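A.B. asks: Please build the complete structure, drawing on both the sequences and the hints.
As you go down the protein sequences, you meet chains A and B in turn.
1 is the number of the first residue of the first sequence in my numbering; add one for each residue after it.
1 is the number of the first residue of the second sequence in my numbering; add one for each residue after it.
Keep in mind that the hints were calculated from the coordinates and are not lab data.
Incorrect hints may appear among the rest.
What the hints assert, rightly or not - Some chain B residues judged to face chain A by a derived CB distance under 10 Å, without partners named:
1. G71
2. F72
3. L89
4. L92
5. A112
6. H115
To be verified - Quick list of simulated restraints, FRET-style, between CB atoms:
7. A:R125 to B:Y23: 39 to 49 Å
8. B:R143 to A:Q63: 13 to 23 Å
9. A:P60 to B:K42: 34 to 44 Å
10. B:E28 to A:P55: 34 to 44 Å
11. A:D6 to B:I139: 43 to 53 Å
12. A:D39 to B:S26: 37 to 47 Å
13. B:A45 to A:C110: 37 to 47 Å
14. B:R143 to A:R58: 25 to 35 Å
15. B:I139 to A:R125: 30 to 40 Å
16. B:P68 to A:A9: 46 to 56 Å
17. B:G98 to A:A9: 39 to 49 Å
18. B:G71 to A:Q63: 18 to 28 Å
No experiment lies behind these values; they were computed from the predicted model shown.
No residue lacks a Cβ here, since even glycine has one placed at the ideal position from N, Cα and C.
So the chains spell out like this:
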Amino acid sequence: MGPAADDIAGYFDNFGWNYVRQEATVYRTAFTGETGRYDVWLKVTDAWVFFCINPYVRKPTGQPHGPGTLQAVLRANHEVNLAKFAVDDDGDVSLSVELPAEGFRYSHFCDALTALAHYADGWRRRIDAAIASDRAEIV
Amino acid sequence: MSRGEPAPVRTSAAEIARFFRRYGWSFERLEGDTFRTGFRGKNAAFVALVRVTRHWVVFTVNPLLKAPDAGFGAATLRALAVANQHANLAKLGIDDDGDAFINVELPAEGFAFSHFVAALGALAHFADTLVVPLLQAQIVDDRRL
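C.D. replies: Next up, the structure:
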């Protein structure tokens, strides 16, 4: 059986992070790391518990992310555990963790938020550098 | 651990072997904690590895797509990056050899048969569904050269 959306509020309280319950099944929280402030969305469905930072890195104005940035994102996916980087339908880079709702427990909640916070901060400079390199090639 | 939750149990390689038998898929145990299996989809046949570590259970098809000598072009890179947005549970990326992989990683703690089914299901579905558009993107990149 999966967690009730109400259980998530207790998990946030145990974890010690502030949150806002945006809808019955949607929560928003945030953290500030060395590279900036990140909003995290958490959604509970019948099948999944979904944590997401989106946008993690916005698409450059007027153009999609270049091949150097896409390479950086895809290579990062080989190194990160549990989390994944993606490019969404708007062309922005997102960072997310998806876990099955069935059997979801507090330790999974901790793993997911810890992974998001760790990787969001840890990869930001490398991805920003790749974006700058793509931009330099266009110029 | 949250109050009121039962003590967590980590899965083991022995349990993964039991899950394979229950699921009805043949498998080969390569090392203590690594299993090899295979499946044939509508579009291709795939070899998958399942590895149990202290913290994770990882299901992988690698390579999903071998990299050309010059590496993947822009169309293939974009197709891989965008596919991640739509592939529930699964993750696509590029490994140290430059090849594209797809995997599913789940915590070993509390890992149950339902998770095993979801992971193998997602891996098989997305590997087979995505291999065609990825090959098409590679053809687009080849034409640009």
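A.B. asks: Hints first: check each against the structure and report whether it holds.
C.D. replies: Hints, one by one, checked against the model:
Taking 10 Å as the C-beta contact cut-off toward chain A, the hint placing B:G71 at the interface holds, the least distance being around 8 Å. Interface restraint check: B:F72 against chain A, minimum CB-CB distance 8 Å, threshold 10 Å, status holds. The closest approach between the C-beta of B:L89 and any C-beta of chain A is roughly 6 Å, which is under the 10 Å cut-off, so the hint is satisfied. Using the Cβ-Cβ criterion of 10 Å, the hint placing B:L92 at the interface with chain A is satisfied: the shortest such distance is roughly 7 Å.
Interface restraint check: B:A112 against chain A, minimum CB-CB distance 5 Å, threshold 10 Å, status holds. The interface hint given for B:H115 holds, since its Cβ lies 6 Å from the closest Cβ of chain A, which is under the 10 Å cut-off. At roughly 42 Å, the beta carbons of A:R125 and B:Y23 sit within the given window of 39 to 49 Å. For B:R143 and A:Q63, the hinted distance range of 13 to 23 Å is satisfied, since their beta carbons lie about 22 Å from each other.
As the Cβ distance of A:P60 to B:K42 is approximately 37 Å, the hint placing it in 34 to 44 Å holds. Under the hint 34 to 44 Å, the C-beta atoms of B:E28 and A:P55, about 43 Å apart, fit the expected range. The hinted window of 43 to 53 Å between A:D6 and B:I139 holds, with their beta carbons roughly 50 Å apart. For A:D39 and B:S26, the Cβ-Cβ distance of about 46 Å falls inside the hinted range of 37 to 47 Å, so the restraint holds.
The beta-carbon spacing between B:A45 and A:C110, approximately 39 Å, falls within the hinted interval of 37 to 47 Å. Taken as a hint, the range 25 to 35 Å holds for the pair B:R143 and A:R58, whose Cβ atoms sit roughly 30 Å apart. Checking the proposed 30 to 40 Å range against B:I139 and A:R125 shows it holds: the Cβ atoms sit about 35 Å from each other. Judged by the Cβ atoms, the range 46 to 56 Å given for B:P68 and A:A9 holds: they are separated by roughly 50 Å.
Between B:G98 and A:A9 the Cβ separation comes to about 44 Å, which falls inside the hinted range of 39 to 49 Å. A beta carbon spacing of about 21 Å between B:G71 and A:Q63 agrees with the range 18 to 28 Å that was offered as a hint.
Of the numbered hints stated above, none is contradicted by the structure.
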